[in-house]
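Residue numbers (UniProt numbering): 1 to 300.
No lab work stands behind these hints: they were computed from the structure. We treat Cβ as the ideally placed atom computed from N, Cα and C, and that holds for glycine. Check each hint, because a few of them may be wrong.
[As the list claims (entries may be wrong)] Pair ranges (Cβ atoms, derived):
| # | residue 1 | residue 2 | range |
| --- | --- | --- | --- |
| 1 | Pro264 | Asp7 | 53 to 63 Å |
| 2 | Ala33 | Pro72 | 18 to 28 Å |
| 3 | Ile263 | Gly18 | 14 to 24 Å |
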Amino acid sequence: MSENLNDLRAFLRVAEAGSFTKAAGQMGVSQSALSHTIKALEERIGIKLLNRTTRSVSTTQAGEQLLNDIAPLISDIEQKLSALNEFRDSPRGTLRINGTEHVIHSILWDRLSRFALDYPDIHLEITTDYTLTDIVKDRYDIGIRLGHTVDQDMIAVRVTPDMQMMVVASAEYVRIHGKPETPADLDNHRCLALRLPTHENLMNWELQKSGSGEQQEIVHYHPQPVMIFSHAHLLVKAATDSLGIAWVPTAMVRKDLQSGKLIPLLSEWLTSYDGYYLYYPHRRQSSPLFRLLVDALKLK
1 MSENLNDLRA
11 FLRVAEAGSF
21 TKAAGQMGVS
31 QSALSHTIKA
41 LEERIGIKLL
51 NRTTRSVSTT
61 QAGEQLLNDI
71 APLISDIEQK
81 LSALNEFRDS
91 PRGTLRINGT
101 EHVIHSILWD
111 RLSRFALDYP
121 DIHLEITTDY
131 TLTDIVKDRY
141 DIGIRLGHTV
151 DQDMIAVRVT
161 PDMQMMVVAS
171 AEYVRIHGKP
181 ETPADLDNHR
191 CLALRLPTHE
201 NLMNWELQKS
211 GSGEQQEIVH
221 YHPQPVMIFS
231 HAHLLVKAAT
241 DSLGIAWVPT
251 AMVRKDLQSG
261 KLIPLLSEWL
271 TSYDGYYLYY
281 PHRRQSSPLF
291 RLLVDALKLK
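Model the full structure from these sequences, guided by the hints.
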């Protein structure tokens, strides 16, 4: 029996996404067309591959076996086809990238923009979120995250220097409410916070006092915010509009600091983290598209 590779790819997408709606969106087809494709595949082979309910889709035992068998094979075929780009005058294909809003917008955008101009036949799909997305499961080609969050079995390439976090507010806010002199003073101020979707909790502020000693003082501050946001750029906008104090990446507010829209607070309490890394599975490293993007984004 000869099966259409596109039908098997459609089954793979639905099985991995656990949803016809999500898989259809990824593939750019209608949900009804995708459902018809899977139903026809099941009828041809005479085996039920998916259990369907009104809320979810899961693989049957036979479907799970097929998924495990064909996923690496289809991935290998796609990589082999992608490698043929080396024989084209202009590389082409699609790269799906997942990263945080901060690193895409504030740090890497100029490099991504230049890459898109240099290689117009390479289509970029960029998704920003703050979850620790499984790029293999969700079929992203590349992830960009802070170094300590990257899985050890991934190839990782550093794309930014260390990330520094700082406390900021507008001059107008300070004029009205005064400056906090110590982390404890934050309890008397209007704090702005970011909600992390992974565990639905608020991001705590890790304030590290500068100094040369080995035992540096670190305060883990749990803000009681007057406003909560799901994206960092709204957090910064609220701070520039004098709505409160925010703890943000220095790179994100550098222009606002230079223009005077924001001023640094608790300047002795700056915290640094390992920088951002571009990462991807080992099987992707031979792809010419990956090599082009890695060379464009890596830290020079």
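We went through each hint and held it up to the structure:
1. Pro264 - Asp7: 53 to 63 Å: 58 Å, holds
2. Ala33 - Pro72: 18 to 28 Å: 26 Å, holds
3. Ile263 - Gly18: 14 to 24 Å: Given range 14 to 24 Å: violated, Cβ gap about 47 Å.
Hint compliance for this structure: hint 3 alone is broken.
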